[in-house]
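**Q** Listed below, chain by chain, are the residues.
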Amino acid sequence: MKNRIDEMFEKKQNLLSIYFTAGFPALEDTMPVLRGLEKAGVDFVEIGMPFSDPLADGPVIQLASIDALNNGMCIKKLLEQIKNMRSEITMPVILMGYINPVLHYGIERFAADAEAAGVDGLILPDLPWDEYVAKHKAMFDSHHLHFIPLIAPQSPDERIRHIDSQAEGFIYTVASAGITGNIKTSVDYRTAYFDRIRNLKLRNKAVIGFGIKDSASYKHACEHADGAIIGTAFVNYVKENGTSEEAIKKFVSAIR
Amino acid sequence: MSKYQVNEAGLYGRFGGAYVPEMLYPNVENLRKVYLDIINSEEFQKEFKSLMIDYVGRPTPLFYAKKLSKIFGANIYLKREDLAHTGAHKINNAIGQALIAMKMGKTRIIAETGAGQHGVATATACALLGLKCRVYMGAVDIERQAPNVARMRMLGAEVTPALSGNRTLKDATNEALRDWISNPEDTFYIIGSAVGPHPYPDMVARLQSIISEEAKRQFTEHTGKALPDYVVACIGGGSNAAGSFYHFVDDESVKLIAVEAAGLGLDSGETAASMARGTEGVIHGSRTMLMQTDDGQITEPYSISAGLDYPGVGPWHSYLHDIGRETVLAATDDEALEAARLLTIEEGIIPALESAHALAALPKLKDQFKPTDNVIVTISGRGDKDMATYIKRLNP
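Residue numbers (our numbering), protein chains in the order written: chain G, 1 to 256; chain V, 1 to 396.
If you're looking for bench data, these hints aren't it; they were derived computationally from the structure. Just so it is clear, the structure is predicted and the values come from calculations on it, not from any experiment. Built from N, CA and C at the ideal position, the CB exists for glycine as well. Each hint should be verified, as a subset may be incorrect.
[As the list claims (entries may be wrong)] Pair ranges (Cβ atoms, derived):
no., chain 1, residue 1, chain 2, residue 2, range
1, G, N70, V, D267, 50 to 60 Å
2, V, A139, G, S244, 32 to 42 Å
3, V, A139, G, K239, 16 to 26 Å
4, V, D250, G, N70, 40 to 50 Å
5, V, D322, G, N199, 41 to 51 Å
6, G, D157, V, G13, 31 to 41 Å
7, G, E28, V, N40, 49 to 59 Å
8, V, E8, G, E28, 44 to 54 Å
9, G, A134, V, D37, 18 to 28 Å
10, G, A112, V, T372, 55 to 65 Å
Pulled out of the complex, with its shape left as it was, chain G reads as follows (with noise of 0.2 Å):
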C-alpha cells in the first residue's frame, strides 16, 4: 500500500496541517480532536506525544505536555487511543515526539505499534539526521513510516541537499530561528528564506511550521511551499474553546 502522504501529495495542492498534543485538554481528547479535523477538511495531522523536556517548544505546548502527562498520556496510552482509527480517519497521521520516551518504549516497537495503527510518518526532532540514516532508516522503512526532517534558516545549502536525498515524505520548513509559537522575524527574511529552499529544486515536498497561526500566515506560506503546519495557535485554540467538532471547524475555517 501506497503511504498516505504520498497519495496526499499527488492529489492535493496548498495544504493545511494541524498539531495538537496528545491528552489535551483532557485524556480523552485525542479522538474528539483527530475526528473533529478530518471533518473540518484538514489535509493531515501531527500528533504531539508529551514529554518532559521539550527543547524545541515554546510556552504554549511545553504546557499542554505537562497537563497531557499529569492526565496520564504516554505513547502505550496514545498508541491504544489510536489503535482503531483507521476506521473513520483518513487523512495521513504523524507522531511528533522526542526521542527519549520512544527509545524508553523499544524504537521498533514503537515503529512496529505505530503502523498498526496505521500511522504513516514520524517527527522526532532530536533524533539526529545521520543517526537516523545509519541505525533506524530500514527498519522505519519496513513498517511503512516515513521520517521526517526539519530544516532550519541556519541549515547550510548543503546540508538541506543532503537531507533531502534521503529523505521521504516531506521536509519540515522550520519558519525562522526560534521555537515554537514564538516567531520574531520579519515577513522579507522568511520569503528570502522560503525562496531560497524554493530555488534549491528539492526532491521532496516543503511544508511550513512555526509561527503559522492564522489565515495570512497560512496563505503567506503556500505561496513559497506546498502548504503549512499549525500548532500553537490550535493548542492554545481547544484550551480556550474546547474540542468540539462545532469549536474545530470554527478554527479551521477562519484559516481556509
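Using the hints provided, position chain V relative to the given structure of chain G.
**A** Here is chain V on its own, set in the frame of chain G:
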C-alpha cells in the same frame, strides 16, 4: 589518543552523541569543527594559562590533610579548588569557553545555573572579557539562592527565570537551549557541566583538566612518587570529577572514585544518584544515565546540594562507570553534612556541600585503605554559599 576518550563520532562507547534538533545542528557542528584547534592553539593556551595564574589564582594548592589522614588511615591530600576565584572550579571552564566564544566571533553569552556557581563564574568571565551575558536560572532556585543572583546582577549579567517544568536546573538548561535555537548567530552557550551534546562534554573536561594536570605534578612534588592510589571527586553533571580524573584515567593503577548525591537514600525516591539508580536515555543532547519514569519522562532529582541536583550525568562518566574504570559511590545528605563538619573542625576548611559528598566517601573507603595509600580528594568549592543550610542542619 586515550582509549577512554571520546571518539570521532562524539561517542564514549554507546554514550554521548549530539541529540539536538536540526535548528541547533549548525551551531553545535560549527563548535565541533573548531574547538580542538582553538583549545590546542598556542594563542589560546597562552591567554587561558595566564588568566588561570594571574586572575583565578592557580595553581590551587594540594594540601596534605594530616588529621584526616590519621582518622582514615591513609595519606589524604586535598586539591583546593575552593581557593579559586569565585569560590569553585567552575571559573576554569567559564573563562575557557568565553575565550573560545570570542575566537568564534560571538558577542553574546548565555548560561544555565542551578545554585548559581556556574552563573557567577560565567558572569565574572563576561565582565572581565567584555561580553554580554544572560543566565537562565529556575524560578525556584532564584528564590532560594538570592545572594548568587545578586552577585550575577552586580557583575552585569541579566538573570532570567526559567518558568517551565519544576523551575530548577533542568528547566534552566532547556531555556538556555531554546535561547540558543532562537539566537543562532551572535550567541555562544557556555554549559557549566560535562553534559550536553558533543563536543561539550569533551570541551568541558579539557578545560577542567587543569585540576588533574596540577594535582599530578603537585603530588609528585609532595611525595616523590609518580601516582596516587585514589582520586576522589563528587559528581552531579560531572565537571569537577572530569577535571580531577582527566590526567589519571590512563594510569590504570589509580582508582577513580566518583561520589553521587544519594539525597535521602538511594532507595528513598528522593535521590540524585543517576548512575546508581538511573537508566539509559537522552537528556540535553546526549545519551547517558538519567533519572526517568517508566514512560521515559525525565524526573526531578533531589539532593541537599543544589550543584548535584541534576537528573543526568555527563556521558564520559556513564561510560567510565559502565566499563569499570570509574567506581561510583553515593553519599546521603546526612553523610555529606557530617563530612563537612569533620573537615571544618579538623582542618579548618568549610567545604561546599557538593565537595562534602566527595569527603563522605572517606569513611566508606576506610576499610580498604592501606596506611601507605595516597588519596587525592578534590574540594570543588567553598562553603560560604551553603552557610544557611549548615546553620539550619549543623547548629554551629
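**Q** If a hint holds in the structure, say so; if it does not, say that too.
**A** We went through each hint and held it up to the structure:
{"no.": "1", "hint": "N70(G) - D267(V): 50 to 60 Å", "in the structure": "25 Å, violated"}
{"no.": "2", "hint": "A139(V) - S244(G): 32 to 42 Å", "in the structure": "35 Å, holds"}
{"no.": "3", "hint": "A139(V) - K239(G): 16 to 26 Å", "in the structure": "22 Å, holds"}
{"no.": "4", "hint": "D250(V) - N70(G): 40 to 50 Å", "in the structure": "48 Å, holds"}
{"no.": "5", "hint": "D322(V) - N199(G): 41 to 51 Å", "in the structure": "48 Å, holds"}
{"no.": "6", "hint": "D157(G) - G13(V): 31 to 41 Å", "in the structure": "35 Å, holds"}
{"no.": "7", "hint": "E28(G) - N40(V): 49 to 59 Å", "in the structure": "58 Å, holds"}
{"no.": "8", "hint": "E8(V) - E28(G): 44 to 54 Å", "in the structure": "48 Å, holds"}
{"no.": "9", "hint": "A134(G) - D37(V): 18 to 28 Å", "in the structure": "26 Å, holds"}
{"no.": "10", "hint": "A112(G) - T372(V): 55 to 65 Å", "in the structure": "59 Å, holds"}
Of the hints listed earlier, the one the structure fails to meet is number 1.
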